[in-house]
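So the protein lines, in turn, are chains A and B.
For reference, each letter of the first sequence is one residue, going 1 to 119 in the numbering used here.
For reference, each letter of the second sequence is one residue, going 1 to 112 in the numbering used here.
Warning: the hint list may mix true and false statements.
[Claimed, not checked] Below are the DSSO-like pairs computed for lysine-lysine, each with C-alpha atoms no more than 30 Å apart in a straight line: (1) Lys55/A - Lys111/B; (2) Lys3/B - Lys64/A; (3) Lys14/A - Lys66/A; (4) Lys3/B - Lys41/A.
Keep in mind that the hints were calculated from the coordinates and are not lab data.
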Amino acid sequence: GAVVSQHPSWVICKSGTSVKIECRSLDFQATTMFWYRQFPKQSLMLMATSNEGSKATYEQGVEKDKFLINHASLTLSTLTVTSAHPEDSSFYICSARVYLGGSSGNTIYFGEGSWLTVV
Amino acid sequence: DAKTTQPPSMDCAEGRAANLPCNHSTISGNEYVYWYRQIHSQGPQYIIHGLKNNETNEMASLIITEDRKSSTLILPHATLRDTAVYYCIVRFGSSNTGKLIFGQGTTLQVKP
Numbered sequence: 001g002a003v004v005s006q007h008p009s010w011v012i013c014k015s016g017t018s019v020k021i022e023c024r025s026l027d028f029q030a031t032t033m034f035w036y037r038q039f040p041k042q043s044l045m046l047m048a049t050s051n052e053g054s055k056a057t058y059e060q061g062v063e064k065d066k067f068l069i070n071h072a073s074l075t076l077s078t079l080t081v082t083s084a085h086p087e088d089s090s091f092y093i094c095s096a097r098v099y100l101g102g103s104s105g106n107t108i109y110f111g112e113g114s115w116l117t118v119v
Numbered sequence: 001d002a003k004t005t006q007p008p009s010m011d012c013a014e015g016r017a018a019n020l021p022c023n024h025s026t027i028s029g030n031e032y033v034y035w036y037r038q039i040h041s042q043g044p045q046y047i048i049h050g051l052k053n054n055e056t057n058e059m060a061s062l063i064i065t066e067d068r069k070s071s072t073l074i075l076p077h078a079t080l081r082d083t084a085v086y087y088c089i090v091r092f093g094s095s096n097t098g099k100l101i102f103g104q105g106t107t108l109q110v111k112p
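Let the hints inform the model, and build the full structure from the sequences given.
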């Protein structure tokens, strides 16, 4: 399947600082990427849809000024958590849509995830 | 996107087939059924998807009922490494805006 890579895998930052997480599609071009967060023992929650060359679309309740998303190229989307606080500590996961062709439509592949701990 | 209903947990003996059910009674005609799994502390892994025909790949088989209101994911010979949370999701597979909305999934425990 298509490969989606995230970096860093884990990061610790001080409260009040900003941290950037990268999501790359390694063997395909992704016009659309998605960002999720997941708290322990909970399911994935969609945060936003990232479209190459345009502004991201945020889900209801997600602060766009706090979670900055940039999708400047067809293989890279970034999520920046600004002025991070301990409650932002979570598992952040990106995904990218791949067009499969024919009647298979398209599907979505996920990165390995990034653990953020804010101290 | 239509909602799905899955049992919260299931057990399966190692080497036996694991049959994971999913109800999606409000699915529309152009929505696909997708299955993903998430092993602890990793990103979800794509397993399989289908529209109305049964599908099989190297990981699993997907059986969709004729009325498309339910489906079953089959892992033919479960191993301990198949222990994970399995998510059944319906989405517009041919749409450029189709999102994956995760429910609570089924926690599959494969036992020796």
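Hint-by-hint comparison with the structure:
no.: 1; hint: Lys55/A - Lys111/B; result: violated, 47 Å
no.: 2; hint: Lys3/B - Lys64/A; result: holds, 26 Å
no.: 3; hint: Lys14/A - Lys66/A; result: holds, 16 Å
no.: 4; hint: Lys3/B - Lys41/A; result: holds, 21 Å
Checked against the numbered hints listed earlier, the structure breaks hint 1 alone; every other hint is satisfied.
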